[in-house]
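Novice: Sequence lines, in order, name chains B and A. Quick note on numbering: the first sequence equals residues -9 to 400 in my numbering. Quick note on numbering: the second sequence equals residues -9 to 400 in my numbering.
To be clear, the hints were calculated from the coordinates, so they are not data collected in a lab. For glycine and all other residues, C-beta sits at the position ideal for the given N, C-alpha and C. There is no bait here: all hints are sound.
Sample of chain A residues at the chain B side, in silico, Cβ under 10 angstroms:
| hint | residue |
| --- | --- |
| 1 | G5 |
| 2 | V26 |
| 3 | E49 |
| 4 | A274 |
There are 2 protein chains.
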Amino acid sequence: MKAAIITAGSELTDGRVLDTNTAFLARRLDSLGVKVVLTLSVPDDRELIVAAINFALGEKPGLVVITGGLGPTEDDLTAPAVAAALDLKLELSGQAEEYVRAAVGASGELPPHQAKQAMMPPGSSVIRPAGTAPGFIVNAGGGRVVALPGVPWELRAMWEDAVSDPRVSRLLSAARPPARGRLSFYGVAEAEIGAAVGKIMGRNGAGLDVSICSRRGEVMLEVTADSKDEGRVQELVKTLKQNFSDFVFSEGEEIENVVAARLTGMGATLAVGESCTGGMLGEAITRVPGASAFFLGGVTAYSNDVKRNLLKVRQETLDNVGAVSEPVAQQLALGARSLTGSDYGAGITGVAGPGGGTAEKPVGLVFICVSSDAGDVVRRFDFPGGRGQVRQSAVTAALHMLHWKIIADP
Amino acid sequence: MKAAIITAGSELTDGRVLDTNTAFLARRLDSLGVKVVLTLSVPDDRELIVAAINFALGEKPGLVVITGGLGPTEDDLTAPAVAAALDLKLELSGQAEEYVRAAVGASGELPPHQAKQAMMPPGSSVIRPAGTAPGFIVNAGGGRVVALPGVPWELRAMWEDAVSDPRVSRLLSAARPPARGRLSFYGVAEAEIGAAVGKIMGRNGAGLDVSICSRRGEVMLEVTADSKDEGRVQELVKTLKQNFSDFVFSEGEEIENVVAARLTGMGATLAVGESCTGGMLGEAITRVPGASAFFLGGVTAYSNDVKRNLLKVRQETLDNVGAVSEPVAQQLALGARSLTGSDYGAGITGVAGPGGGTAEKPVGLVFICVSSDAGDVVRRFDFPGGRGQVRQSAVTAALHMLHWKIIADP
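For reference, chain B alone in the conformation it holds in the complex (with noise of 0.2 angstroms):
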C-alpha cells in the first residue's frame, strides 16, 4: 500500500518553520508497512493545496495524509480544498462543532472563526481535537484522506485516533510490512558501502531494493524487499555486518540509544563536560527516554572561568596550549567523572564558528575525550560546515567514541 503526505502553511514553504510532520507521519506509515511515495509541501494557497492533493491521488495512493490549515485563521484552508479537490461542498458538521465547542469551553453559538473548524466535507469521520481543530478522513476514490492539525503535537496526539478509525483501520490491515534490514555505520565511507553492496549483490539483487545515505559522519543503509525474500534480505545484512564489523554500531537504532542500552546494561553510569557544543551532548544523552538509569549530569564550560573552577581545568594548561586543545578535553572529561563520581566521562572543546577561528585553530577544530578507570581516549576531528554542523559532528562523534570505548574496556 502506498501513502502520500501534504503538509499545508506559508510557515514551511518559506523556511520560517522546520517540518517536523512529515517525518513523524512517515514513520508511522512505514512501520505499519505503508511505502510513502511522495511528500508535499504547500503555501496557505487554496489552489496549491488543490493541486497538490490531485498530484498525490494520481499516484493512487491508499492513503493521503494531510497536515496543517486547520486552524481558525483565515489562511487555514484544508478544508476547502480538499472538498475542491473531491469535488464537495464543505457541510456544518455536528458532531466537529460538538468537539469545537468542547475544546474553547463555549456554550451558545461559536464565533464564526471557530464555527468554521467545524465545516467539513460531507460524510467525513470527524476526529477528536487535542487542541480545538478536529480533523477528518474522508473517501477518495479506493483510498482515503485523513486531515490532522499542523501543530506538532495536536498532530501526535491525533495519529492514534485516525488510525482506529474503521475507514483507515480496514485499509490498514490489507498493509504487508516489506521484509527489511537495517544497519547504521560509522567511520567509513558511505561510496565504500555501496561498493560493497554491489560486490555481495552481484547478479542475485533482484527484487533487493537497497538504499544507502550519510548524515554527519554516519551511514545509514535499508535493504528492503518483498516479505518472501525475508531470508536473503537478512543474508546480505548479515554479510555487511561481517565485512564492515568494525563500523556497524546498530541495526537502525540512534547512536544516543546504542550507547544508553549498553551504559544500562552495565548499571555504569556517565557524566560530561562540554565547551562548544553547549549543552547538547547532555540533551542528545537524556533524549532517551529513562537516561536517569545512568546519567548523571554534567557540566558546561563555556568561559574559561567555569572550566577552572568546576572542571578543574588548569591555568597553565589554558596558558599554554588553549582551551581548544587535547589536554583540555581530557580535564574537561575528567573533571566531569571526578564531580560526579560517574564511570564514564565526555569531554568536548573546539572552535564552533563562525568567529574565533585562527590559522592554527580553524573553524571546525574539536578535540574530544572518553575517560573511564581503564584510561581516556582522545581525538583531534576538523570538521566540515557552519557552526550547527560542527556541533552535531562533535556530538555525534562524542557518542561513538564513548560507545567504542564502552566495548572496549575490560
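Chain B is already provided as a structure; the job is to place chain A on it using the hints.
Specialist: For chain A alone, kept in the frame of chain B given last:
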C-alpha cells in the same frame, strides 16, 4: 518569481532522516525574493523523481532546486531523472570528471561508481563539489533546474556557487522581494491574533497576505504584499505591535537571539541549571554565534546527587517537596548563579516523560525559575505532548521568562 524544491531520498520518505535541506533552501530563496510554491520529497525511485520534476515544472517556476541522489551508489538517480524529465540523454562532462578526480584524489581512470557522478545532462553548468559530488544547472523551458547534493553541509557550501552562476543570477536579478513584515508573539493564542488581524484589516485588507502559525506556545505572523504596499504592511505591523505589546517579542528573530542581544547589549552574564532538559537550554543559547560574550556555562543536574553536590539544592527540600518543585527550580537557578558568578540564572526541573509521572506530578509538569539580583521569578507549567515536546516547550518558556525579566529588571 516562483520556485519549487525537490528532495530525493528514501531516507526522507520513510522518516529515517529529518529533511533540513528544504527549510534551508526555502529561507535562502525567500530572502532572494523568490516564492517557494511547492516542495516535494520522493524516494530513490527514478519514475517518482521524474514525476516530481514534471509536476514542479507544471507550476512554471523560475527555479526547480533538487537535492540528493548525486552520490556514487546505485540508488543515486537524480541526474538520469532530470535528463528523462527534460527529454535529454546524459553525457560525460569533462569538467565534472575533473572535479570528481580532484575530490577523490584519483589520477587515472575513475572507478565506475565515481565516473557515474560525472554524467550530466548535456549543456549543464557544473557546480564544483564540496564533497565528492558535483552539482549541475540545466535549462528547463524559461527556467532552470539546479541539482545539488543532499548532504547538508555540501549543499550549504555549494549553494552560493549555484546562485552566482550567471544562468541563475540573471534569472534572480528579475526577482523583486515583496514588502514584508513579521511579528513573533508568546503567551497569546493564534486565534486571538487572527481575530485582531481580521478586525484591523477590515475591508482594507486587499492585497495583504497574512500567514499565522503557532509552534510550542509561540505564534508567528507574516504579512506580505506587493512592494508598492510597503506602507500598508508597516502600518498593520505597527498596529499589531501596539495592540499586543505585552506579547510581541521580535520581528521574526528567534527568542534565543533576542535574549542574546539583550544580554550582550547590557554586558550582563547568564548561567543555567538544568534537570529534565538535560542541557537543551544551554544548547539553544549557544546556538547563537558569539554566545561566549554573555553565557558562562551551566550545570546539568540530572541526578539528585549532582543537584545537591554541585548546585547546593538542599536535601531537606528534596525530601519535603521532591526534585520537581518550585523551590528546586529556584535553587537550580541560584546555584548556577553562585557557582559561576553570573548576573542572570535560569533553573528548570520537570517530568519530561514518558515514565516518572504520578497523579500529583504528571508528565508535562515543569517548574522554571529565572533569577537576578532584582529577585527570582518561578512559574509552574503543564505542557502537553511527549518527551521531546515537553523539553522543547520548557526551553522556550525559560527563554521567554528570561526575556521578560531582563526587560522588567531595574
